[in-house]
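Residue numbers (the numbering used here), protein chains in the order written: chain A, 1 to 343; chain B, 1 to 343.
It should be emphasised that the hints constitute simulated quantities derived from the structure, not laboratory data. Heads up, a few of these hints could be off.
If several chains are the same, the list does not tell them apart, and a pair holds so long as it fits within one copy or across any two.
Derived pair list, reagent style DSSO-like, types lysine-lysine, alpha-carbon separation capped at 27 Å [unchecked claim]: (1) Lys-89 - Lys-279; (2) Lys-22 - Lys-166; (3) Lys-231 - Lys-343; (4) Lys-343 - Lys-37; (5) Lys-231 - Lys-89; (6) Lys-166 - Lys-89; (7) Lys-279 - Lys-231; (8) Lys-22 - Lys-89; (9) Lys-166 - Lys-231; (10) Lys-166 - Lys-37.
Number of protein chains: 2
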Amino acid sequence: MRYANNPILTPRDLAPSQESMKIECLLNPGVFRFDGKTWLLIRVAERPEQREGEISFPLLDDANRITVMRVPSSSPELDLSDPRVISYKGSDYLTTMSHLRLMSSTDGVRFAEEPGYGPIFGSDAYESYGIEDCRVTLLEGTYYLTYTAVSANGVAVRMRSTTDWKRFTDYGLVLPPHNKDCTLFDERIGDLYYMLHRPSSPEIGGNYIWIAESRDLRHWGNHRCVARTRKGMWDSARIGAGCAPIRTGEGWLMIYHGADGDNRYCLGAMLLDAADPSKVLARSDRPIMEPSAPYELTGFFGNVIFTNGHIVEGDRIVMYYGASDEVICRADLSVREILESLK
Amino acid sequence: MRYANNPILTPRDLAPSQESMKIECLLNPGVFRFDGKTWLLIRVAERPEQREGEISFPLLDDANRITVMRVPSSSPELDLSDPRVISYKGSDYLTTMSHLRLMSSTDGVRFAEEPGYGPIFGSDAYESYGIEDCRVTLLEGTYYLTYTAVSANGVAVRMRSTTDWKRFTDYGLVLPPHNKDCTLFDERIGDLYYMLHRPSSPEIGGNYIWIAESRDLRHWGNHRCVARTRKGMWDSARIGAGCAPIRTGEGWLMIYHGADGDNRYCLGAMLLDAADPSKVLARSDRPIMEPSAPYELTGFFGNVIFTNGHIVEGDRIVMYYGASDEVICRADLSVREILESLK
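Starting from the given sequences, assemble the full structure and let the hints guide the process.
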């Protein structure tokens with residue numbers, strides 16, 4: 001059930017990270033409980049203010065500060081043929097740069113920034129185009145952040161951990177390009193840690209959900225494909241895991257996003273085997289949630305709902321999600337109802 | 001210096017794995033010393049005999065046996081618009097399937113199969129389109145095979161190990177798609193094992209050489225980009241490591257392949273820092289070897305030389321390589337001369 005006063009956060013609710021930037025979108029928050037409150041780790045996508053006759057785009061400089069590159073629109077070294085990227089002097093840059101912003105709430109719907117917490121910016125050459133779509137997993141008393149690190153080297157998965165949300169331990173890139181939508185399971189299964197991830201292939205293969213295992217959370221192996229896209233269905237073009245799967249009596253319940261060839265993003269569920277989470281026991285034939293509210297149908301990129309964060313309270317899943325790649329919303333789901341829908 | 005009687009092996013020198021198949025190409029051998037001899041682990045690409053009015057392609061059946069799919073050329077579910085793959089009922093298949101064949105030699109130029117050794121076929125659903133371009137690294141007394149595993153799940157890196165070339169230990173996929181050109185270093189550096197690998201990205205990023213580290217050879221992390229392609233140069237489109245880098249007094253000498261936009265494959269070298277092999281100290285401005293002999297200029301796919309195997313004897317590198325994706329050749333190089341060329 002969608003929260004009646006959705007969206008709960010829009011770009012106007014936050015100040016940009018610096019004066020020369022404008023917040024274009026709030027996206028896809030990681031979600032966790034900390035210090036008695038509900039927290040969102042929101043992806044904030046900013047774009048430099050555009051000036052007449054110039055194309056400008058953001059990147060990290062050598063000192064890892066966000067800077068704005070300004071190029072005359074008439075530059076012959078500029079190539080704007082691909083709308084997702086700005087190609088300049090043979091390198092590709094993103095039109096926006098994302099960082100992560102922490103906001104907390106006592107009621108789960110009114111969120112505010114707290115002094116001393118965040119923001120979290122890209123930190124080096126593997127994050128020079130920004131960091132995106134962070135999952136947060138509380139595992140054995142430590143919070144693990146798995147997020148998409150974007151740079152000219154590619155799109156890869158990086159991990160950091162924290163216990164106080166002020167000091168972070170860096171694990172480097174735990175998965176090489178091209179990979180995103182990575183979440184850790186929130187407990188070990190047997191002796192091993194597990195993660196779900198979503199590699200992409202330029203040929204043979206696709207945008208499928210994979211699983212990997214680890215003994216130390218730093219090094220990962222035994223990669224196996226969990227689920228593929230399904231031709232002619234709502235999840236025909238790409239799929240990716242949400243946040244940590246929910247342990248139920250019937251197995252691991254995983255909420256995932258699926259997109260079709262029209263880039264319409266819906267949410268579905270899979271039930272993974274309790275002892276071997278590489279095995280899919282059941283999967284949504286139809287979405288458990290699809291874009292229908294006005295703020296989900298229209299926006300920066302309409303027809304998109306995307307989640308990578310929730311809190312579980314008994315049967316209730318308090319889910320936060322990005323709508324139309326522009327605003328943050330909340331919906332409450334029922335574990336039992338989702339499991340029923342998988343039968 | 002090329003061996004005068006190149007090529008040393010051609011498709012006619014081996015029998016196909018079964019009657020319905022024809023060997024199209026011999027490619028890119030892994031190379032090692034074992035039992036007092038030099039051994040090649042050759043990639044053999046086979047294609048089903050084609051019949052009038054049919055398109056046929058190979059794949060592993062559910063029992064992991066190579067079978068031939070035959071489809072009427074007129075089938076509306078057949079899509080041949082991409083020459084690399086056969087698309088049928090929405091899935092992509094390769095026109096050929098590769099397996100690995102072992103051959104040994106006492107003089108390094110006349111190779112023969114030995115009863116009881118090989119061939120090595122794809123073994124499960126991650127290898128249903130074949131296995132390719134195997135590097136062999138002798139590390140702490142065990143041979144490690146790192147090769148490209150191809151299936152509808154994608155193109156990934158799998159590892160097996162052996163001490164006797166008859167019994168093998170499977171490590172599963174050590175890297176998820178899209179990845180190939182993976183080689184282990186042949187010793188630990190500090191406490192860690194290292195591998196070079198080559199992920200590919202469908203957007204942002206490219207076909208670059210990366211490095212990863214491990215404590216147990218099964219689980220890999222701390223992925224870092226070692227080298228990118230270079231615009232306007234011989235290695236502008238894709239690069240990939242050969243076999244295990246050679247330890248020299250000046251650092252790790254790595255032979256690699258580079259291709260340009262015309263798919264012309266040459267060989268070059270990089271010198272990597274002895275203590276931190278993610279650092280490139282020097283790199284070939286011009287190739288150390290480029291297609292020039294007739295068998296390198298013309299063949300199944302002309303203008304290609306590609307190596308992933310050699311033996312080092314003092315200053316001499318006895319290198320084996322695939323030429324024109326069709327025949328196996330030998331060339332002897334000098335460590336000292338390559339190092340000189342990097343200055």
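Output the numbers, in ascending order, of every earlier hint that fails for this structure. 4, 6 and 9
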